[in-house]
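Residue numbers (the working numbering), protein chains in the order written: chain E, 93 to 348; chain G, 6 to 135.
These are computed hints drawn from the structure, not numbers from a lab. Among the clues, some could well be false.
[What the hints assert, rightly or not] Calculated pairs, DSSO-like style, for lysine-lysine (alpha carbon to alpha carbon, straight line, at most 27 Å):
#, chain 1, residue 1, chain 2, residue 2
1, E, Lys178, G, Lys63
2, E, Lys178, G, Lys27
3, G, Lys26, E, Lys200
4, G, Lys110, G, Lys86
5, G, Lys95, E, Lys171
6, E, Lys178, G, Lys110
7, G, Lys110, E, Lys200
8, E, Lys178, G, Lys21
9, G, Lys56, G, Lys69
10, E, Lys200, G, Lys27
11, E, Lys178, G, Lys26
12, G, Lys95, E, Lys178
13, G, Lys69, E, Lys178
14, G, Lys110, E, Lys171
15, E, Lys178, E, Lys149
16, G, Lys86, G, Lys56
17, E, Lys181, G, Lys95
18, G, Lys113, E, Lys178
19, E, Lys200, G, Lys86
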Amino acid sequence: MSKAIFMPKEKDFRLAVIDRRLAGINEIYPIMSSKGGVGKTLISAVLALILRDRGYKVGLLDLDITNPSAHTALGVSIKELPEEEKGVKPLIADGIKFMSVAFYTQDKPLPLRGWEIDNVIRELLAITIWGDLDYLIIDTPPGLSDEALDAISYFRSPKPLVVATPSPLAINSVRRLLQLLNDLNGLKVLGIVENMANEPSKRVRELAEAFSIKYLGNVPLDPTIDEVIGDTSKLRNTLLYVALKGIAEKNLGPNP
Amino acid sequence: MHEWALAEAIVDYITKVSSGKKRFKRVTVKLGELQSIDEEILRFSINEILKADGIHVKELRFEKVPAIFRCRNCGYEWSLKDMEMDEEIKELIHFVPEAVHTYFKCPKCGSRDFEIVGGRGVYVVEVIPE
Ligand SMILES: Nc1ncnc2c1ncn2[C@@H]1O[C@H](COP(=O)(O)OP(=O)(O)OP(=O)(O)O)[C@@H](O)[C@H]1O
Ligand SMILES: [Mg+2]
Ligand SMILES: [Zn+2]
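Next comes chain G alone, as it looks inside the complex (with noise of 0.2 Å):
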């Protein structure tokens, strides 16, 4: 998903569940490394967000979650550091992370039916109010 639209689906999901609060200790935000996030354009663009809403959040928070792949086919499990990845296919995951589908197999049997076990998706964790 793009930064941008990251930024706000992050901004709206805050203010729907503090119903309204408008200052914040602290949220925190999981990063699925398969997304290739670029935290600098994330950061900024929830900063611009938060502002033009008035909202203040004192410590933006983001953890990075390793992504992991399962063959259904022999059960192997590998990360993306294990994948040769080639910055134009990165881009392309980027926006749609099932891509991966498209151009990776498993490493040890070749098949093309695995799962993404972890690192796929943006979760917000942690909302915590002033």
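Extracted from the complex, chain E is given alone in its bound form (with noise of 0.2 Å):
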């Protein structure tokens, strides 16, 4: 394995910095999922969206660097740089701290082996100035390989919130997930969302009780959000919006 050619975890000063990069972010939010197309991208945007709307501040950070899409959910153009001083500032789409590796490959593929992966992450962290912030949402990638989890290893107690679908095999993998959570000490999982489901099922819920933590809601199928995706002010008016900003306001924020 090549990976002897970069620093060991513990002398790459990066990661000093990236401490100080995150020391004004108040709650950090993975939204994670080991299966694919379970909605994280998607929850991530609308979900910043919300705590947005709701008058905080708030980033919105994309982790899948393989395969990044928060922009195009949320509709930000990538063509231009975020400005430089100091590090890089985020861009600023919808009063959102916005930040993505796709500004650097400019939605080209980007073909890299797991520890690149991780070098990229860092190299994201230790460049971004996110300021204050009251929320940083995190798309990640699925799977549970380590890119999936290195995702949430360089933040203080991070709460993941974790998607899942009814489908059996949704939760057969998402299972796997929490079981690796709960290995994690301290680790504090915000709870489950059920997405594309019209009422919460057993399934899930049963899932989220196995595991000691919250089923949080439901999320209904939304037949036009293919359709509006990328456009934030239609992204409002969905029943994908609307059944989020419910689940935010009874789970999240000073007043849960």
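Once you've looked at the hints, go ahead and assemble the two chains, each given alone in its own frame, into the complex.
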């Protein structure tokens, strides 16, 4: 393995800067699911929008390094690079501070090995100046490999929001993720959101119960959603926005 | 990585490994060529931060490490000067060096599966107190 050409984690001095960069952030919510295509990206973008609409200072960070798509969900143009000022200032879209590797790959493929992905994550975290934020929402890649878990390893007390769907295939996969998260000492999972479900399913509720985590609520299947992706004013009128807003009001923020 | 962010990281590191010493004879930093660091800006940024922290470094030395790539498919090795890179792409790679995988392939076999064997990253190799 070629891992040796990079500094071991403890000697990599980017890490000290990363801590400093994240120091002004209050709550960090990685949106996670080992299952692909369950709506992580869409939920990340819409949740950021909802929290912003409630008046919070919000950041959205896309850590799906090889397949970034949060900019598409939010309709952010990646043509222009984020401004430089003693680091890189996230782009502001709809009042949300936004950062993604897509600015640097211009949406072209970025074929990388696991340790290279980790390197990109460190680089992004080291250059991005978030300033003060109430919430940082993180879109993460699917899977259970290093790259999915590395996406949360740099943050002090991240609270993952896990996305599942009622499909037994998703549940089986998400169970494995919950087992892994369970093994991370002291990690508090915010809860499970059940996406593409017109009502709460017994299966997902039982899954949440089995791991003693909160079932935050269900988000119905919204057949119009693909027509409005990238248009934030239309996204605000979707079933998805309304359902997630209810979930956010009940479970996030100072008066849950 | 951006010069100012890098400068902060370097000064943080010096402070950490020297347990708060304030005067140094020499600090040597290796700069990977792929990062296309502007040495003047980096020197300026480091000096600003050192000044603010009340630290004195007599000699701040930079050493450039050439960027070298190796194809995992055919084993061919090449360097940065074998690649034509316009300013725009150079800037993108300056921020995220791995983006080199987006814009380049092995010049011999065309594979995208190559590794950066040298010239990525920045290392503090020497911190000598007075
Ligand atoms: N509640 C919903 N109703 C209808 N369609 C939805 C809903 N949530 C997500 N989708 C659709 O499902 C698809 C996948 O969504 P998304 O890309 O957000 O998932 P993901 O988990 O981020 O995928 P990946 O694992 O590839 O990153 C998209 O086409 C999206 O529009
Ligand atoms: Mg996604
Ligand atoms: Zn080759």
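Evaluated hints:
1. E:Lys178 x G:Lys63: Status holds; Cα separation ~24 Å.
2. E:Lys178 x G:Lys27: Within the cut-off at roughly 24 Å; holds.
3. G:Lys26 x E:Lys200: Answer violated: G:Lys26 to E:Lys200 is near 46 Å, above 27 Å.
4. G:Lys110 x G:Lys86: 14 Å, holds
5. G:Lys95 x E:Lys171: 15 Å, holds
6. E:Lys178 x G:Lys110: Given that 27 Å is the threshold and the Cα spacing comes to 32 Å, the pair is violated.
7. G:Lys110 x E:Lys200: Holds - the C-alpha atoms of E:Lys200 and G:Lys110 are around 13 Å apart, at most 27 Å.
8. E:Lys178 x G:Lys21: 21 Å, holds
9. G:Lys56 x G:Lys69: 25 Å, holds
10. E:Lys200 x G:Lys27: This hinted pair is violated, its Cα atoms lying about 46 Å apart.
11. E:Lys178 x G:Lys26: Between E:Lys178 and G:Lys26 the Cα gap is close to 25 Å, so the pair holds against 27 Å.
12. G:Lys95 x E:Lys178: 19 Å, holds
13. G:Lys69 x E:Lys178: 22 Å, holds
14. G:Lys110 x E:Lys171: Roughly 23 Å separates the two Cα atoms, so the pair holds.
15. E:Lys178 x E:Lys149: It holds: about 21 Å lies between the C-alpha atoms, which stays within 27 Å.
16. G:Lys86 x G:Lys56: 36 Å, violated
17. E:Lys181 x G:Lys95: Roughly 19 Å separates the two Cα atoms, so the pair holds.
18. G:Lys113 x E:Lys178: 39 Å, violated
19. E:Lys200 x G:Lys86: 23 Å, holds
Checked against the numbered hints given earlier, the structure breaks hints 3, 6, 10, 16, 18 and satisfies all the rest.
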